[in-house]
Amino acid sequence: MTLTLNHFLVIGALLFGFGLLAVVTRRNAVAVLMGIELILNAANLNLVAFGRYVGGGVTGQVFSLFVIVLAAAEAAVGLAIILAIYQMLRNIDASQATTLKE
Amino acid sequence: MEHVAHAAAELTPLAPHAVSYLWLIPFFPLVGAFINATMGVRLQRKFGKGLVHTISIGAMVLSFAVACGAFVQLFGLDSEHRFLQDTVWNMLTAGKVEVDLGFALDPLSMMMTLIITFIGTLIHVFSTGYMADEPSYWRFFSYLNLFVFSMLLLVMGDNFVLMFFGWEGVGLCSYLLIAFWYTDPQKAAAGMKAFVTNRFGDFGFILGLFLLFWAMGGAWNKSADGQLRYTEDVSQIANHTEDAMERIGHPPIKIGPTLNFRELRDQVVIQETGVAEHLKSQKMFGFGLLAVVGILFFVGAMGKSAQLPLHVWLPDAMAGPTPVSALIHAATMVTAGVYMVARLNFIFALSPAAMGWVAFVGALTALFAASIGFFQYDIKKVLAYSTVSQLGFMFIGVGVGAYWAGAYHLLTHAFFKATLFLGSGSVILGCHHEQDMRKMGGLGKLMPVTKWTYLIACWAIAGFPWASGFYSKDEILWKAFSQESMAFPLLGMTPHLGQLIYLMGIIAATGTSFYMFRSYYMTFTGEYRGGHGHDDHGHGHAHVPHESPLSITLVLVALATGALLAAVLGIPTAWSGAAPLLEHWLEPALPAVVHFVEYAHSTEFLFQAIGVSAGVIGWAAARALYKDNKSQVPAQLLARWKGAWTVVYNKYYVDELYQATILRGSVALARTLSWFDKNLVDGLVNLASAVARTFANIDGAIDRYLVDGAVNLVAGATLSAGRALRRVQTGRIQTYLYGAVVGAIALVLLNFIIR
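Order-wise, the sequence lines are chains A and D.
Take 29 as the starting number for the first sequence in the working numbering and just add one per residue.
Take 607 as the starting number for the second sequence in the working numbering and just add one per residue.
Since the hints were derived computationally from the structure, they do not count as laboratory data.
Among the hints, a few may not be true.
[What the hints assert, rightly or not] Subject to a maximum C-alpha distance of 25 Å in a straight line, what follows is the list of computed SDA-like cross-link-like pairs (lysine to any residue):
| # | chain 1 | residue 1 | chain 2 | residue 2 |
| --- | --- | --- | --- | --- |
| 1 | A | Lys-129 | D | Lys-1045 |
| 2 | A | Lys-129 | D | Gly-1328 |
| 3 | D | Lys-1045 | D | Ala-1350 |
| 4 | D | Lys-793 | D | Lys-702 |
| 5 | A | Lys-129 | D | Ala-1323 |
| 6 | D | Lys-702 | D | Glu-883 |
| 7 | A | Lys-129 | D | Arg-1332 |
| 8 | A | Lys-129 | D | Ala-1321 |
| 9 | A | Lys-129 | D | Thr-1324 |
| 10 | A | Lys-129 | D | Lys-702 |
| 11 | A | Lys-129 | D | Tyr-1342 |
| 12 | A | Lys-129 | D | Arg-1329 |
| 13 | A | Lys-129 | D | Arg-1338 |
| 14 | A | Lys-129 | D | Val-1348 |
| 15 | A | Lys-129 | D | Ile-1339 |
Please put together the full structure from these sequences, using the hints given.
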């Protein structure tokens, strides 16, 4: 069996689905952050796969490198927010951080 | 028998002689009034009454001295141009009409000024004795000085505006002084009566002034056509006076509406200006305009000089202190009307109807007031009615065109009536403020100076030869008799009006003599009838009248001497061959051309004899009836003619007539108007408000239910929508994301379905 683009896309879609599920359902803010990482990695997988099978060249790989860097920065900012939320609420329960409605 | 012109044939404009001190004459009394009004109460407390009256009398003396100086200067001028002018400053300029604060002395106002300052000074001195017990001494003297100031303004002002200021000023002072003892409601009411009656007259005066001013306006326009010889542009007068002098021989005449007496005189008197013709030709509702103007001016004079039917205030004015009665209500203020008519002689002389009206009302008043004087018991009331009557004589004089005679009677009356009033004041003081002649009697022995001066004044007023009243009254009546060109308003020329007036005058003169000697005999002869048993004053001393202090008797002697000596000024032509001194003196001020019928001297002598016998008859009757209070005839006559007596004693019920008509009428009118106001006007207003209120209510309902309802509906919908949607916004980021995911899935599914 040879690996085709579809295999990669299915794996990417699953990753995305798990990540989205984590982001939407998990109450732990760190878990939410992890869900976001999953989503980003799903996107990376797709970028690399499309780069390999459709575009040729290294464009997809370079893009995914950028995304990895972005994800690192995003994680840093996200963890900082979580810390701030923790300092304010004494926990990191995402369902209790409702100040956005104000 | 021929008609001759009374005045000189050739009249020229007056050339005023400019001086700069005339303002001092009214200024001193003003300062005196001001000092006593502002500081009098403190001065009196600190330095006594002496300082108060020193200030006041000092002002009068200074004023009199300046007036004398002015007289000397005026006397020194050429008799054609005796006119002193002192323009202090311009008060108002409207187009070509200028009103200055300017004083002018011509022979007529000079005479008045001397009377006012001289008699005024004497009466101030008298007041120091008469008012010695008065606590508000300073107020009295302040008012007196203010009065003299106003009166001087009236006679010296060179234009109508200043005259009117003075006119109102004396009215005010008269009110203040009549109601001087204002705590007595009766006296306060008398003051108000005087003021209101005078206001009525002033209304006529000011209307006349407006009319005259308006009528002159046409003359001005006419001058613009170049029809008039002397027309000069006013603005050029100052620059071209010398030119004009060369071209036309005298200073240019300003033609047109003016308030200045001299300008008015020049343009009316000098025929070439055409102003007199123009005025004579003007009509108003079919009446000669000049007659209307003259009668309106005379209405003003009627108020001020207490002529029928506006005489009612003067007898009531006796409520004031006696010096006030002497100064204001005998010698000066009440003669303002006479002065005004004499001042405007050239206007009155143009209208026979106005002349006839003035003379006739004067004669009627003279007769009417004399008859009331017969039966009064209050000594001051007798004198008050006598004053009204004598003022009537003056108006006969100025009415028939014998202006100088009217002015002369004014002068002699000022002296003898002031003497009589001050004499009565002395009597009243001596009898401890008793004014009823029935409670006097026999005072001749106790008060010799008062008695003699009173008697001299009685001679003068009764018209006995060698006392001044004879000359003035006779001249007036004689001129009335020889005046045949007067008209009665609405009736046209009435040739025998002069004779009728003479007849009324001579009867009034007989009456005058009677009531004056009646008062003399009742007061000074017989036994003293007062002070027996009823000591209602509670004075400690005995109730025997005593002669008044020196300040009073000296003044009486001075005035009585004046009443005798004034005769010198009016020795008739028939006696001496020359014109009377005063007539000659006043001639330049009285340029009116009046025609009299010329009779022989023998006729004049006859009439003088009639005049004297009138006085003698009155005197004899009074002597027979009232001397020594012996005769029973007065009481019998009284019992017999009770009805007639009551009518006359009650002054012909004129006051009651006014009470019944004018007062009740105005109250009724006020009530009607009030009813009208309350029911009709208020009703209309209320109706309007009710209508407005109904509309407002409807409008309010629409507003409240419809407009507000719509607005509230929108608001409510928004509110509930918001309330519903608020739930969506939980603030939980995950919920939002959930929504986003669901939305994305829905979009994807939709994509499949639609495709």
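Outcome of the hint check:
1. A:Lys-129 with D:Lys-1045: This hinted pair is violated, its Cα atoms lying about 113 Å apart.
2. A:Lys-129 with D:Gly-1328: holds (14 Å)
3. D:Lys-1045 with D:Ala-1350: violated (131 Å)
4. D:Lys-793 with D:Lys-702: violated (46 Å)
5. A:Lys-129 with D:Ala-1323: holds (22 Å)
6. D:Lys-702 with D:Glu-883: Given pair Lys-702 (chain D), Glu-883 (chain D) holds - Cα atoms ~22 Å apart, limit 25 Å.
7. A:Lys-129 with D:Arg-1332: Judged against 25 Å, a Cα distance of about 9 Å means the pair holds.
8. A:Lys-129 with D:Ala-1321: Holds. Lys-129 (chain A) to Ala-1321 (chain D) sits at ~23 Å (cutoff 25 Å).
9. A:Lys-129 with D:Thr-1324: holds (19 Å)
10. A:Lys-129 with D:Lys-702: Violated, at about 87 Å.
11. A:Lys-129 with D:Tyr-1342: Holds: Lys-129 (chain A) and Tyr-1342 (chain D) sit about 11 Å apart, inside 25 Å.
12. A:Lys-129 with D:Arg-1329: Within the cut-off at roughly 14 Å; holds.
13. A:Lys-129 with D:Arg-1338: holds (8 Å)
14. A:Lys-129 with D:Val-1348: The hint holds at about 20 Å.
15. A:Lys-129 with D:Ile-1339: With a Cα-Cα distance of about 9 Å, the restraint between Lys-129 (chain A) and Ile-1339 (chain D) holds, given a limit of 25 Å.
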